[in-house]
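*Asks:* Produce the complete structure using the sequences and hints provided.
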Amino acid sequence: MLDNPEAARNPFYLLVPDWGLYPMVALSTLATVIASQAVISGVFSLSRQAVQLGYSPRLEIRHTSDEEEGQIYIPRANWGLLVAIIALVVGFKSSTNLAAAYGIAVTGTMGATTILALVVARSQWKWPGALPLDMFLKQQKDSSSIIRVRGTAIFMTGGTETVPIALLHNLKHNKVLHQRVVFLTVISDDIPRVSARDRVLVEGLAEGFYRITVRYGFVQEPDIPKVLRLCKAYGLEFDMMDTSFFLGRETLIPSTHPEMAEWRERLFVVMSRNAVSATDFFRIPAGRVVELGTQVQL
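Quick note on the working numbering: the sequence shown kicks off at 1225 and runs consecutively.
Mixed in with the good hints there might be a few duds.
Restraint ranges, calculated between C-beta atoms of paired labels, are given here [what the hints assert, rightly or not]: (1) Asn-1234 with Thr-1437: 57 to 67 Å; (2) Glu-1515 with Leu-1322: 42 to 52 Å; (3) Asp-1227 with Val-1344: 43 to 53 Å; (4) Met-1464 with Gly-1304: 36 to 46 Å; (5) Gly-1278 with Arg-1507: 11 to 21 Å; (6) Gly-1327 with Arg-1300: 26 to 36 Å; (7) Gly-1327 with Val-1240: 23 to 33 Å.
Keep in mind that the hints were calculated from the coordinates and are not lab data.
For glycine and all other residues, C-beta sits at the position ideal for the given N, C-alpha and C.
*Replies:* Below you can see the structure in the form of structure tokens.
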């Protein structure tokens, strides 16, 4: 380019003589395909991890391999990529403008990494976000004002150290607790399959309170009624007609004074409303489910 400033108009293809133009086109096409596949795999992987960490609404995840954990396909993420790519091509109109957007992408990556680092720092500092479970159990042990009713209540929860929001809402509005209260957590391990003998862990927390931890491999589909039958070997038997599943449903609404762009808030609201319901995802009998909702302002 120093010897021939006119080469600045297309420095990549002018690196080779005229006869090398078509081989360079083939090479650049292959590089584009590889880069595109990397982006697609990255989006699928990040989407799955976001769902598992609770940072994204549940999405349908199809595992295409019984051996490799990362071999997945997420239909909604794939269609979202298609819409985004069409919008980029129509919006930027030329490869020159797209190249300029690369700097924005790098900046966005740095920004996302910084935000995630702050999230990790917050979790390491143990800032409260919910009522600690041990504190709640101690309060119930010392309290005789709470009425206990017959039956079993199972509260689905993603955390093992805090009280599910659905339980707090049930206690606030109905002012009762069931004779047996079970906190059920489902964990997806980084192996293809978890054997039946390692599937369930049952712990007694206090009188009438239990914790069940269920583990699945990444190619296995959750089936909560089947898991509950395995608990009989641990001395905890369930009658499905006498068992109620309490789920918390958070309805997201855009804030009146948003701290981020309004379109981003509305996009997340739409994603949340289109998420797979917990009832279908965990194969819970619909007639045994009680949903307690709350509105969360973004």
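*Asks:* Checking each numbered hint in turn, tell me which of them this model violates, lowest number first.
*Replies:* none
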